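The sequence shown maps to residues 1 to 250 in my numbering.
It should be emphasised that the hints constitute simulated quantities derived from the structure, not laboratory data. If you're wondering where the values come from, they're calculated on a predicted model, not measured in any experiment. All the given hints hold, so there is nothing to weed out.
If you anchor each label on the Cβ, the simulated ranges turn out as follows:
no.: 1; residue 1: Ala83; residue 2: Glu228; range: 47 to 53 Å
no.: 2; residue 1: His111; residue 2: Gln7; range: 16 to 22 Å
no.: 3; residue 1: Ala219; residue 2: Pro124; range: 39 to 45 Å
Lysine-lysine pairs mimicking DSS-like chemistry, simulated, CA-CA at most 25 Å apart:
no.: 4; residue 1: Lys3; residue 2: Lys13
no.: 5; residue 1: Lys82; residue 2: Lys121
no.: 6; residue 1: Lys121; residue 2: Lys177
no.: 7; residue 1: Lys3; residue 2: Lys65
Glycine is no exception: its CB is placed at the ideal position from the N, C-alpha and C atoms.
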Amino acid sequence: RHKDLGQYLDWLKENVRGQDEAVTRVTRALQRGLELAGPSRSLGSFLLVGPPGTGKTFLSQMAAKALTPDTEPLLLRMNQYKAPEDASALFGMPGGTVPGALTGPVLEEPHRVVILDEVDKCHPEIRHSLFDALDAGRCRDKGSGRMVDFSGCVFFATSNAGANGLRGLGPDGSSVKARDVMAREAGFEKAFLARFTEILLLDTLSPKAVAEIALLQLAKQWRGQGIELTFVDPALLAAAVARNGEYADY
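Construct the entire structure; sequences and hints are all you get.
Following this line, the structure appears as structure tokens:
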């Protein structure tokens with residue numbers, strides 16, 4: 001459990017391009033969480049905010065590879081939980097036999113990364129139902145009646161809403177100000193926001209970062225065919241795209 005995540009920092013930055021500040025803050029906070037691990041708290045919880053395509057879910061998945069390389073992250077599409085009664089799908093139905101989509105996998109493997117994707121799109125009561133797991137590190141599976149231990153879990157929640165407000169705070173904005181902005185502009189409950197270790201902005205990627213990502217994806221695709229690609233400076237690709245208006249929006 002007491003893994004040194006510092007050794008993964010450069011690897012994470014290499015894979016999650018253009019978001020060095022967020023990667024660094026997540027890595028440092030997770031290291032603190034590992035060192036302070038205890039039975040009444042999760043290892044860390046992060047709300048990643050930004051426009052689509054900025055690497056929020058990808059950062060969560062890469063962090064999972066560093067933390068729990070033998071266990072796939074649990075990805076929950078929170079836009080599927082739009083009514084209060086949908087909580088039974090997450091935590092199991094009382095008297096039922098089917099475990100919850102959140103509690104069941106953690107009962108099977110208690111050391112894993114949980115991704116609450118697009119948490120801004122679920123019902124407020126669903127977010128309220130997550131309080132115990134995020135804060136106390138424990139909640140009950142309603143189907144089996146078993147207590148679920150989240151002390152070995154890391155939570156990442158993503159949100160498209162609230163990016164403009166966080167952008168106005170700048171890199172030195174306090175967590176209190178970040179919570180105020182997210183409550184005001186994204187409609188999150190302050191009690192929910194208070195459960196997060198960090199609230200981080202993953203802003204729009206620079207053209208150079210987009211070019212780097214495109215080249216990495218091409219290299220990965222061709223590597224699967226046994227072909228290694230070598231690239232020149234990605235900034236040249238970004239500049240070429242910028243000169244060609246037909247492709248500028250891509």
